[in-house]
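Asks: Okay, here's what each chain looks like letter by letter:
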Amino acid sequence: MTDTQGSNPSRRALIGWGGAGLALGAAVAGGAVAVAQSGDDRDPAAGEAGGAVDFHGAHQAGIATPVQDRLHFAAFDVKTDDREAFVQLLKDWTEAARRMTAGQPVGEGAYGGLPEAPPDDTGEALGLDPSRLTLTIGFGPSLFDRFGLKDRRPEALVDLPKFPGDNLERSRTGGDLCVQACADDPQVAVHAIRNLARIGFGKVAVRWSQLGFGKTSSTTPGAQTPRNLFGFKDGTRNIAGTETGRLDEHVWVGAGDGPAWMTGGSYLVARRIRMNIETWDRTSLQEQEDVFGRDKREGAPVGKAKEHDEPFLKAMKPDAHVRLSHPDSNGGITILRRGYSFTDGTDGLGRLDAGLFFLAYQRDVRKGFIPLQRKLAAHDALNEYIQHVGSAVFAIPPGVRDSGDWWGRTLFSKEA
Amino acid sequence: MRAVRLTVTAAVTAAALTALSACTSKSDAKDGDAIRVTAADSTCDTSSKSVPAGQVTLKIENKGSRATEVEILFPDDRIVSEKENIGPGTKYTLTAEVKAGSYEIACRPGMKGHGVRQKLTVTGGGATAERDPKLDAAVARYRTYAQEQADETLPKAEAFAKAVQDGDLDAAKKAYGLSRLGWERTEPVAESFGDIDPKVDVREDGLEPGQKWTGWHRLEKALWHDKKIGAEEKALAGQLVTDLKDWQKRVGKAEITPTSMANGAKELLDEVATGKVTGEEDRYAHTDLVDFKGNVEGARKAYELLKPVAAKNDPALTKELDKQFAALDALLDKYRSDKTSYDFVSYDKVGKDQRKELSDAVNALAEPLSKLAAAVVK
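Quick mapping for you: the protein sequence lines, in order, are chains L and U.
Residue numbers for the first sequence follow the UniProt record's numbering, so the first one is 1 and each next one is one higher.
Residue numbers for the second sequence follow the UniProt record's numbering, so the first one is 1 and each next one is one higher.
FYI, nobody ran anything at the bench for these hints, they're computed from the structure.
Heads up, some of the hints might be wrong.
[Stated by the list, open to error] Within a straight-line C-alpha distance of at most 30 Å, the following computed DSSO-like cross-link-like pairs (lysine-lysine) qualify:
| id | chain 1 | residue 1 | chain 2 | residue 2 |
| --- | --- | --- | --- | --- |
| 1 | U | Lys352 | L | Lys162 |
| 2 | L | Lys203 | U | Lys339 |
| 3 | L | Lys203 | U | Lys199 |
| 4 | U | Lys312 | L | Lys91 |
| 5 | U | Lys199 | U | Lys221 |
[To be verified] From the structure, some residues in chain U lie toward chain L, with a derived Cβ separation under 10 Å:
| id | residue |
| --- | --- |
| 6 | Ala262 |
| 7 | Glu320 |
| 8 | Ala327 |
| 9 | Ser337 |
| 10 | Asp353 |
| 11 | Gln354 |
| 12 | Lys356 |
[Claimed, not checked] Cβ-Cβ distance ranges computed for the label pairs, FRET-style:
| id | chain 1 | residue 1 | chain 2 | residue 2 | range |
| --- | --- | --- | --- | --- | --- |
| 13 | U | Pro308 | L | Gly123 | 24 to 34 Å |
| 14 | L | Thr122 | U | Asp136 | 33 to 43 Å |
| 15 | U | Asp329 | L | Asp347 | 36 to 46 Å |
| 16 | U | Asp329 | L | Gly331 | 49 to 59 Å |
| 17 | L | Arg170 | U | Gly279 | 12 to 22 Å |
| 18 | U | Ala137 | L | Gln187 | 42 to 52 Å |
| 19 | U | Phe193 | L | Gly350 | 43 to 53 Å |
| 20 | U | Ala316 | L | Gly123 | 39 to 49 Å |
| 21 | L | Gly350 | U | Ala140 | 58 to 68 Å |
Here a beta-carbon is modelled for each residue, glycine too, at the ideal position from N, C-alpha and C.
So that you can see chain L by itself, here it is in the shape it has in the complex:
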């Protein structure tokens, strides 16, 4: 992928919706137009459609990597007390992830093995491109109650407080582990989680999972800004994979931030945000635009002409989403978002079970998601149309360095 920084205002990387919880405003500041590019330490070719994203690096792929079209996210519970068995699982997972992200089947493949044995790979990704699959692992707070890890839990990995309006379902909340699978082909993402879950049986069990579509950022020159399911362009200026300075400042855990094992990692907040689609669709255009603080056609901030024009916050209603979530209203708080829309059919009352699966990466949850969401939960006009129904937080360890390294080594090995 070529870098055309600044040449196209509609092109940007990693624009999360922000709508429901955290606004586009969270990253609106900063002036320069964010430009899509592959991650800071990744092969530029990785961004090409269908290609493979390098699994190895200082940071895990799937965070600063240009956002893929599809998501399969899974949270797992740990089912074993055997530390050695769990570490072996992490190694087995790493190997499987290494193969799958390179477009190869798991183990000895999906066919050609012993006829009496089930194949190692489930086979539904055979013949498909790597589709820029990235697999990103995270460790939840509850993991640190196990395996003698209590002392290693980072202070920044806090349990999220209850926010006003939260209606969290236990079956969509929490988890000892998570794996985020992003790919341009949904089958590739589903295959990846399915095979990891299978490898994990007996050691871990899927607690909940979420499929997502409609990537929330554009990484192609001239592409339209993605719209959320409310029909609004949103998440205008997220942190781009090229902006190493902002990534270091807002996303990557620095040396000295906490335990050494997290250096180069990040913290992830995942929220399932249900949108009340039907009531929104009955809302007047004026009200819709007032709620966001943007116009629907262009996505321009109130009183401005273009989406990327600098917003004038005071022109917006005091409870407008953009105004409340803008860094200028929040002491400069900036997070990296790569959320996806979701639709899980209907809810039994004939309503679309749909919304935003919000994913935010940040250097410290206490300085990122929590203060922002406190404010939004209390005042955001959008709250009338959304509800947070699932929630989880994870420590995202640093990247897998090379073919001898494995997910979680820095946490589990004695040297770290």
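Following the hints, position chain U against chain L.
Replies: Below, chain U alone, put in the same frame as chain L:
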């Protein structure tokens, strides 16, 4: 009849074991090694007349005008493996484990008669290994177990039937779960007959159009849902006993091989995963945990019998299986007051989180169990 069937089974199994033990790696069976069989109305061309022992693959294409049947036959015409009803213009891949010796490939256009034959020589290094006597012993013991289960089930089924026929609702309810236990322990064997299972263990939603609903679950609905016993139920109770006697009589003839035992164990866990954990099996009586326990016990029996061989071939697998069987048993024990009784908690009292826990434990066991067959034939 019985003697012939068992001989065939034993021979095929022995061939399978011999062949696989000769394999050097999993990738031996490649498409390139397949024999292409071109079947037509009066010809049966094979691309090769000689293959090494092991997994033989026939890539069959019917270029004739009628449906055909292709078989691999022993010299005395016993069938090693076959595929019926290959339509004109269609293809099929047939695989079989074959040990060294002389065979024939037969194409039977119209699926009748002697067919058109081709010789097939299967080569192997002279001395063909005998099947591990431990596996023969395992099959023999499992056959005995299956028979015992049927024998022990009959009086319990008769007690259940009698209670129904006496119109004693409470006694019938009490006898229901226990009357199913032996069946649940050996279900893959019972199901291998094909015709008994739909008569005794079908659920209402599993009925074919025109099929009369009979068996345990029909009576279960009468006892728990309709809460009454009529003339029809009394007749059905008698029919259930008759059908189970048929099972008891035939269970000794079931074709059982080490691999079918291993896969049967896995299938029992599949039964748990799809029917019991969801509460679908005994939706009126909620005695799902009794069936659950029976399935696990039956799977464990097959596993224990195969374990000496499997432990030699794949010790890590048997270690994992021991662990997961123990974990699942311990979990199930939480749902009964006494470890010797089958008085389990009613499944409608088992909450969502508990069902998830049971489901996780079943997956934890079933996944390694799916590798048992390979460990047995390695």
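Asks: When you take the CB atoms of Arg170 of chain L and Gly279 of chain U, is the distance between them in 12 to 22 Å?
Replies: Since Arg170 of chain L and Gly279 of chain U have Cβ atoms about 20 Å apart, the given range 12 to 22 Å holds.
Asks: Next pair to validate is Lys352 of chain U with Lys162 of chain L; report whether the Cα-Cα distance is within 30 Å.
Replies: Holds, at about 24 Å.
Asks: Could you check the hint for me, namely that Thr122 of chain L and Asp136 of chain U are 33 to 43 Å apart, CB to CB?
Replies: holds, 35 Å
Asks: Starting from the range 49 to 59 Å, see whether the pair Asp329 of chain U and Gly331 of chain L falls in it by beta-carbon distance.
Replies: holds, 57 Å
Asks: Taking the beta carbons of Asp329 of chain U and Asp347 of chain L, is their distance inside 36 to 46 Å?
Replies: holds, 39 Å
Asks: Is the hinted pair Lys199 of chain U and Lys221 of chain U satisfied, with a Cα-Cα distance of at most 30 Å?
Replies: holds, 15 Å
Asks: A range of 42 to 52 Å was offered for this pair. Does it hold for the Cβ distance of Ala137 of chain U and Gln187 of chain L?
Replies: The hint (42 to 52 Å, Cβ to Cβ) holds, given that Ala137 of chain U and Gln187 of chain L are roughly 46 Å apart.
Asks: Given the range 39 to 49 Å, decide if the beta-carbon distance of Ala316 of chain U to Gly123 of chain L lies inside it.
Replies: violated, 24 Å
Asks: Asp353 of chain U was flagged as interface toward chain L. Is the shortest Cβ-Cβ separation under 10 Å?
Replies: With a closest approach of 8 Å, the Asp353 of chain U hint holds.
Asks: Could one say that the CB atoms of Gly350 of chain L and Ala140 of chain U fall in the range 58 to 68 Å?
Replies: holds, 60 Å
Asks: For the restraint on Ser337 of chain U, tell me whether the closest CB of chain L is nearer than 10 Å.
Replies: violated, 26 Å
Asks: Does the nearest C-beta of chain L fall within a distance shorter than 10 Å of the C-beta of Ala327 of chain U?
Replies: Constraint on Ala327 of chain U satisfied, holds at 8 Å.
Hint violations for this structure: numbers 3, 9, 11, 20, all remaining hints satisfied.
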